[in-house]
Amino acid sequence: MIWDEIAREAARGAFVQYTVPEPGRIPLERLLEDADGTARAMAAALPSDGQLRIGLLMANGEPWLRVFLAATRLGAVAVPLAIPAGFRGLEAYNAHIARIAKDAQLDAVIFDDLVAAVIPGLQTGSGTTRFIHHAALTADARHPVLAPTAAEPGRLAVLQYTSGSTSAPKGVMLTEGNILAGLRPISYDTDWDPDTDSVGVWIPLFHDMGLFGTLAGLVRGSSVCLWTPTEFVKRPLQWLKSFAASQASILPAPNFFFDYLTAAAADAPDAVAGLDLGSWRIAFNGSEHVRWQTIESFTERFAPHGFRPATMFPVYGLAEATLPVTFPRIGELPRKRDMDRAVLGAGSGSRTVTCVGRAVSGIELRIDADPGAGGSAVPGKALVGEVQVRGDAVTSGYLNLPASEQPFTADGWLKTGDLGFLDESGLYITGRAKDMIAVNGENYYAEDVEEIVRASPLLDRRHCAAVPWTDEGGRDAMLVLVETARTGDDAEKLAGALRDDINGQLGLAAVQVRALPPKSLPYTSSGKIRRRQVLADLEPGETR
Amino acid sequence: MTASDDVLAAVRAAIGEQAGLAGSEIDPELPVRSFGLESLHVLRAVAQIEDLLGVAIPDDALFDDLTPRALAEVVVGLPRRVELP
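So the protein sequences, as listed, match chains A and B.
In our numbering, each number is its position in the first sequence, counted from 1, plus 153.
In our numbering, each number is its position in the second sequence, counted from 1, plus 7.
Read the hints as simulated data drawn from the structure, not as lab findings.
A portion of the hints provided could be inaccurate.
Unchecked claim - Reference listing, derived: stretches of chain B covered by chain A, where coverage requires no fewer than 3 residues with Cβ under 8 angstroms from a Cβ of chain A:
#, segment
1, 43 to 53
2, 65 to 77
As the list claims (entries may be wrong) - A few chain A residues that face chain B, going by a derived Cβ cut-off under 10 angstroms, partial list only:
#, residue
3, 246
4, 345
5, 409
Please read these numbers as outputs of a predicted model, since none were measured by experiment.
Beta carbons: idealized from backbone N, C-alpha and C, even for Gly.
Generate coordinates for the entire structure from the input sequences, incorporating the hints supplied.
What follows is the structure, encoded as structure tokens:
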């Protein structure tokens, strides 16, 4: 059990530091005692014969972690929920949470002050799910002492909903056994010393990298320092100083984090004077496409502050495998290869791809070069195809979806939806077979983009396609193709208006809209857009 | 010029900077989301407004679908940490 592993290591004297509800620091042992009290209150408030399903809707902080641990203590299912994004309006958000509440059959959502104002709007759409402020779950001597929860590796422990579009959220089912198997390599493959290493986390705890990065530390009895994403994004250099002061040695973050800091430090070189990043041992760079340019710029910018080149740790992982899939070796410098675009699929010239290391312990990896999976074999060069994995950390599937929509091959390997190739150094991710891009820490789905385009009153045809692509700088973007009878300036105006719609409703700036004559887009006989065909038809240099 | 005009000007300038537009091009009556900002840029604009005006805008004030004018009204209602020169 996750709880037992953490409890066993808590005596080492680790701390959890946080900024929410107010800045503080608590010994891990105390946090577990408090979580036990929360678990007792939760059991009393939510009498149930079955396994409880508890949504967590809170800012990164002590309450989030305590309620998560309480759910673990009870053997309940924890369902991390995303907090609303800024200025997006709450209508779509409420519908998204309501869909998850229904899909996951949540008994309760535990919330904090941050989201208190949006709870009434959520309540109306979420059926019988109860909404409880975490402060209402206080330990009480009248609550009966909990019996130990039996160790059952097959028991569902987390439903992870970050993998799926807003319109059709998919819950990745992770058992106690999956999670423990997924946490192990994070520390055991990285020369982790529980007494000297500690984890810093500003990425959301509702995100797989934030949650399992944090738990990886706790199961080893290492200290954890939490910040909120807002703190980092609002004042990146102030945050970086706070990170340096925490002496956390391990930090998981997406690629944009590194670019963002590089740019901030270039804008305000004085603000980083005296900054010492010497304690930083591993900078996990994952959950987005890892750009070589990002690695070079960041390392160059922060080397004078004690950032070591081998600290940059480009990795590959996914929620369907709990988290880690490939890691470099500790001490190894980041590696890259310049690949002919023709080998990677289409186009001319070359593109730099970053090595994300080898399969972590407990994970097996293969490349499926079947053209049906987006693959292509180039004799003597590289075998590009879909990355497929299996192992104890891999999910048994998405909740409530039929077998036909589960992400597995006939022989039981997880289809990651990412394309890549292997060489003697490890795995390189070259693109995505799934219809999603990750930009600045957020996932954007082609189907969500298409829904917005189709809803536009400006459109004179129904046919449109959104396809993920990579621009010349290796950045992820969404390319939208719409059919229209309009031409010239009128077509340009339509494209501009649709672009504004997508910008406004999704907050996605990395989007290009192109108007095409009617009947240009390829459809299947059943009326589904053939995205892969659309990609293949693009001009050279535009595809990934 | 009233204090709230100053605040609105600061709000429009900060949003404009993130959107690559001049503050005068930011229509105060359109939703902030219509300027095509990613969450990241929204928060940068908010930090800029906070630093300039000496206020702390609560995170949950941003969940609404605000216009620049509505955001300026939120800011006017906040206690100031420092007085403007």
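**Study point:** Status of the hint placing residue 345 (chain A) at chain B (closest C-beta pair under 10 angstroms)
**Key:** Residue 345 (chain A) check fails; min Cβ-Cβ to chain B is 31 angstroms, beyond 10 angstroms.
**Study point:** Given hint residue 246 (chain A) near chain B, where the shortest CB pair must fall under 10 angstroms
**Key:** It holds, given that the least Cβ distance between residue 246 (chain A) and chain B is near 8 angstroms, below 10 angstroms.
Practice item. Count the residues of the segment 65 to 77 of chain B whose CB lies closer than 8 angstroms to any CB of chain A, then report whether that count reaches three. Key: Since 7 is at least three, the answer is holds.
Review point. For the segment 43 to 53 of chain B, do three or more residues have a beta carbon lying closer than 8 angstroms to a beta carbon of chain A?
Key: holds (count 10)
Check your understanding: Regarding the hint that residue 409 (chain A) lies at the interface with chain B, is the smallest CB-CB distance below 10 angstroms?
Key -> It holds, given that the least Cβ distance between residue 409 (chain A) and chain B is near 8 angstroms, below 10 angstroms.
Violated hint: 4 only; the structure is consistent with all others.
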